[in-house]
Structures are given as structure tokens and as C-alpha cells.
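With chain Y held as given, fit chain B onto it using these hints.
Each chain, letter by letter, is given below.
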Amino acid sequence: MNFSEISDTLITHFGDLVLLHKAEVGDSWVEIPKDKLLEVGRFLKENPQLQLTYLNSVTAVDYLQTDPKKLKRTSWEPHIKVVYHLSSLFLKHTFVIKVTLPRWSDEEQNRLPSLPSVSSLWSTADWQEREVFDLYGVEFTGHPDMRRILCPDDWAGHPLRKDYTPPQEYEGIRCH
Amino acid sequence: MLDPTLINNKNIEYDAQTNEMLINMGPQHPSTHGVLRLIIRTDGEIVSEIQPHIGYLHRCAEKIGEHLSARQWIPYTDRMDYLAAMNMNLGWSLTVEKLLDHQVSKKLQHLRLMICELGRIASHLVGMGAYGLDLGTASPFFYAIREREKILDLFEKACGARLTFSYITPGGVMADIPEGWIDECKAFLDYFEPIIKQYHTLLTTNAIFLKRTCNLGILSKEKAIDYGCSGAVLRGSGIDYDLRRDGDPFYTEMYDGYDFEVIVEKEGDYPKDYPYPDVPREAQLGDCWHRFYVRMLEVIQSIKLIRQSFEKYQSIPEPIEKPLKLQQKLPKGEIYLETEAPRGQMGFGLFSEGDPIPWKVRARSSCFCNLSVLPELCRGVYLADIPSIVGSLDIMMGEIDR
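Just so you know, the protein sequences line up as chains Y and B, in that order.
Everything in the first sequence is counted per my numbering, starting at 1 for the first residue and increasing by one.
Everything in the second sequence is counted per my numbering, starting at 1 for the first residue and increasing by one.
These are calculated hints, taken from the structure and not from any lab test.
Heads up, the beta-carbon is just placed ideally off N, CA and C, and yes, glycines get one too.
Keep in mind that a hint or two might mislead.
As the list claims (entries may be wrong) - Listed below are several chain Y residues computed to face chain B (Cβ distance under 10 Å; list not exhaustive):
no.	residue
1	121
2	148
3	150
4	162
5	164
Claimed, not checked - Below, computed lysine to aspartate or glutamate pairings styled on DMTMM-like, alpha-carbon distance capped at 25 Å:
no.	chain 1	residue 1	chain 2	residue 2
6	Y	45	Y	145
7	B	332	Y	163
8	B	312	B	97
9	Y	22	B	355
10	Y	70	B	355
11	B	63	Y	171
12	Y	92	B	240
13	B	107	B	253
14	Y	36	B	226
15	Y	92	B	226
16	B	107	B	179
17	B	329	B	62
18	Y	92	B	248
19	B	107	B	190
Chain Y extracted, bound-state conformation:
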């Protein structure tokens, strides 16, 4: 199946909940609300016509324009998108789903945004979601072991966020 056939299947089943994004250049994707993620994920995995049993990658993109010169041309509000790349090894097709999150879940920017974990559907999400948590600061609820994976446990901040500033010093070691 190609992308539009899969997205049609999804739209006939879920209706207006899923939002189709047709890209002129590159990959198209389907946007789903975060509270429906598990439901949609299970459908994609278990539907016999889709069989998207292989989760290639989980990643996030931080949309925050830090360059004041480009701010005028920027059309979006600051947000984070979590991107899931799925594929089926038997039917040989791929699919992309995305979930939009706020950059912080409160006004004071203390609490990280959260998202249901899909590690119960695809075990590979276990480590990949830990990586997204580590580098982007997105918490996954229902994850079996939510802690940092690449950075040390006591590292401050989430390095792949656009407004991240590297520390001057870590444990008495100068970083610059």
C-alpha cells in the first residue's frame, strides 16, 4: 500500500481525529491527537492490511525560532512535534505519524510536556523514547523506565531543544 491508501484506511476508521498532511516535497504524514496515540498505534499495528509492526524511529522536532531576523517569516507558533516512522516488513510499506505537543505543559516552563508511551506496542520504543526524553524533554507516561539514556543522569537541560545553552562546567570539568 502507498501512503494515501494507508491514510485513507486510517481516516475511514477514525474520521476527523486524524489530520492528513500532504507534502509537496518529501514525506507526507498524518497528525493525530495525543490522547488517541495508543489507539491509532494499535490499529496501525494490528490491522491485517497495514501490519505496521516495525517501528523504525521515534524522534522529535523542536519548532522554536531563536533567530530574531527570521521570526517574521516564521509561520508557526513554538511547539514540539514527536515523529514516528513505521514500516511493515512483510507488506513493505512505510508510514509517518506525528503528534504535536506544547514546549512546556505550564506557563512557568517548569513542567515538561507528556505523551503516552507506545512501548507496550513496539518494544523498541523503550530506548527510543528515552532518547527523546533525554534530548528533547518530552515525558512519556506509562513508560517502564523513564530516565536519560545518552546524557548522564544529572545533566541539566535537554540538548536538542533550540533554546538550550550548554553548561560552562560539569562536575568540575570545564566544557568550553
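Leaving out everything else, chain B in the frame of chain Y:
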């Protein structure tokens, strides 16, 4: 003293029982292939739980990619899987080309295939040799390094570097191969092909090797898919999937018109023309031995591919084109493309907002997913079997930590 807020109950170090023992392996353990740290909870000789700690080689290459143009990021892909740097270069180059919808010439595709399959041979040779080292036999490593040296000499003649090549770049290669290179490559393959037999005598059929790898660390088909395993680990479990045949058309086009087999381990007999037709009786599908054997057979397929590419490359007289500009403007859009690197499916993602510098780059590491299955495989094995299981996954820490 550790900060008490850092103490996590999930962390097995903190709730050890008195009759159990915690063993720390690495990060500088020789048989962990780099800086992998394993915390092993053992009950006598039996491993009850294992927890890998990674990140000692983390350089945040993805962050660096947000500050460089697409072509400038090529040297950073070299440093991910430094034993198969050519294949890493190819993965990123194809991703950029796909976003630009830039089709390279047929001649260049043949050249890239030739180079990448040589890279695959070099990488599998180290994988084989290092696996021998893990299990306590040093000589296969010297055999492997001897042959790899010749491949590196060929690469040096093509691009000047021996480890971090940066040879394949978006839109082309750094420079065409010099005159006489193909003859040298042919001579190498003629020399190398009969030698593979020696490796099978040294390792594949070695009684001690069989004892230490057969029927150990069995990964079922379902688990392999569930954990996102790829490459030899996936095919060693009996799943017929290779991106060179089943992948994105933008990538598989390179292999159009080539005759090669996807090596899948299966139970039962192998065709007679395989170098070693009999699978030992002890071996089970998905065990360490099968994962190792897939690599050994893949080397033969790579030789076959390279031999075919010579003629195809030489039949096109036109010179190859120049690569894309250093500050090539990228269209707004995003691409995620996976290629079949020696260690599995290496995925590169490129998220662009219309500048020459990508908004975000993503490197999905195959070894990262392959390693995540380790706690599953190591439950209930003997402590001494852990190097054997880790070695069979053929991990590369530079790629896992990125």
C-alpha cells in the same frame, strides 16, 4: 556520595539482594566493543538481569547537524560507524538527494555500489575477527585485519583517507577513482575469494567456537521485529528483509540490474554452492552462530556485486558529475530514508525549513536498536556467555551514542 534524588528504584544497582552479586562490566572492557557498560546482576554464575549503560561516546552529532549545511555534515556521519564510514556517507547523501529530488547518473551509482560493498566486506571482516577475539582466539583477527588492510589501501587510493573517508557526498563523490584502480580491486577479489574458506576452518566450524555460540542468545522472529532489530540480527532470526531489495525505490535503484541474494538463515540445508553447506546440528535459528554466519555469507554476495559493477561502470564512458554545492539550498520539507549499512538499517532524517542549514537532522542507529534487545537475550545465561552474545550483535558504540 550520590545525590539521593538520582537514586532510581529501577536502577538495579540500588536494590541488590545479599545472595546476589552485581558485576560491573566496562566501560573499558575489551570485549564490549568500545565504551559499553553493562551492569549484571548474577545469581552464582547465572545472569538474572542485565542493564546496558550507553552514552560514553555521545557527541550530539544531531545538534552539530543543525549548525552545518547538509554537505558539511558528511564528516560527522563518518564518525558514527567508523568501520563502515562509506555506507554512512551514502545514507546521508541519499537522504539529501531525495529531498532535492536530485538523481545522480548511472555511472556514479555503479561506483557508489562498488565502494559501499567493499566497505561492507571490510566491516564484516572486523566483525568476524573481533568476535573471535571476544571468544578468546586471536588469530582470526589477524587474518581479518590483513585483508581489511588491502581494502583500506584501495580506499586510500580513491580518496586519501583510511578510516573517515567523507568520500561519497550529496550529488556525487569527492573524486573519481584513479586509473588502474579497478584492476587492483579485481586482483584483491581474486586473492580474497578463496581465502574465505580459511575463515570457516578457523572460526565457523571450530569446535570450541560452535560450543560457545550455538543454541545461545536465541532471538525469535517476533522479538526481532518488536525490538526493531535490523541487518544480520534480523536475518539471522529468519526474516527475509533486506533494504537493498525491499527498501525505498530511491535507494534500491542503485541495485537495479544486479544479481544477488539476500542471505536469510533458515532451518535445514543450504544450497550446495554455499561455502559451507551444513549448519551444525547444535545451531538453532536465531542464535549467535546464525547471526555470525549471515555476515560471513553476505561477504560472498558483496564480492558478487562488486564483480558485476566493474563492467557496468566501465561501459559508461562519460565522466562522473560534480557533487552539489557546499551551501546547497534545501527545499522546505522532510525526508527519512533508511539504507542497508553493514550493521543494519541506518536511517537518516532531514527536516528542512528552506535554508541551506537543516532545521533538524536525525540519525537512527541500527546498533542502538540491536543493543536494546540485549537484556532480553541475556536473561538466564552464564556470565561467560555475555561476551559471546554482545559480540554476535556486532555493535559499534560510535553509532549507538552518536
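Pair hint outcome, residue 70 of chain Y versus residue 355 of chain B [Cα-Cα no greater than 25 Å]: Since the Cα atoms of residue 70 of chain Y and residue 355 of chain B sit roughly 11 Å apart, the hinted pair holds (cutoff 25 Å).
Under the criterion of a CB-CB separation shorter than 10 Å, is residue 148 of chain Y in contact with chain B as hinted? Hint on residue 148 of chain Y: holds, closest Cβ of chain B at ~8 Å, below 10 Å.
Distance restraint between residue 107 of chain B and residue 179 of chain B, which requires alpha-carbon spacing of 25 Å or less: Within the cut-off at roughly 15 Å; holds.
Given residue 162 of chain Y was flagged as interface, is its beta-carbon under 10 Å from a beta-carbon of chain B? Check passed: Cβ of residue 162 of chain Y comes within 8 Å of chain B, closer than 10 Å.
Proposed interface contact between residue 150 of chain Y and chain B, which counts if any beta carbon pair is under 10 Å: Since the shortest Cβ distance to chain B is 4 Å, the answer is holds.
Given the hint that residue 36 of chain Y pairs with residue 226 of chain B, does the C-alpha gap stay at or below 25 Å? Holds: residue 36 of chain Y and residue 226 of chain B sit about 21 Å apart, inside 25 Å.
Checking one constraint from the list: CA of residue 92 of chain Y to CA of residue 226 of chain B, max 25 Å. Satisfied? holds, 16 Å
Do the alpha carbons of residue 45 of chain Y and residue 145 of chain Y lie within 25 Å of each other, as the hint requires? Given pair residue 45 of chain Y, residue 145 of chain Y holds - Cα atoms ~23 Å apart, limit 25 Å.
Given the hinted pair residue 92 of chain Y and residue 240 of chain B, is their Cα-Cα distance within 25 Å? Judged against 25 Å, a Cα distance of about 11 Å means the pair holds.
Take a quick look at whether residue 22 of chain Y and residue 355 of chain B sit within 25 Å of each other, Cα to Cα. Holds, at roughly 21 Å.
Please verify whether residue 63 of chain B and residue 171 of chain Y have alpha carbons no more than 25 Å apart. Satisfied, since the Cα-Cα distance of roughly 22 Å is no more than 25 Å.
Interface hint outcome for residue 121 of chain Y [beta carbon to chain B under 10 Å]: holds, 9 Å
Hint compliance for this structure: no hint is broken.
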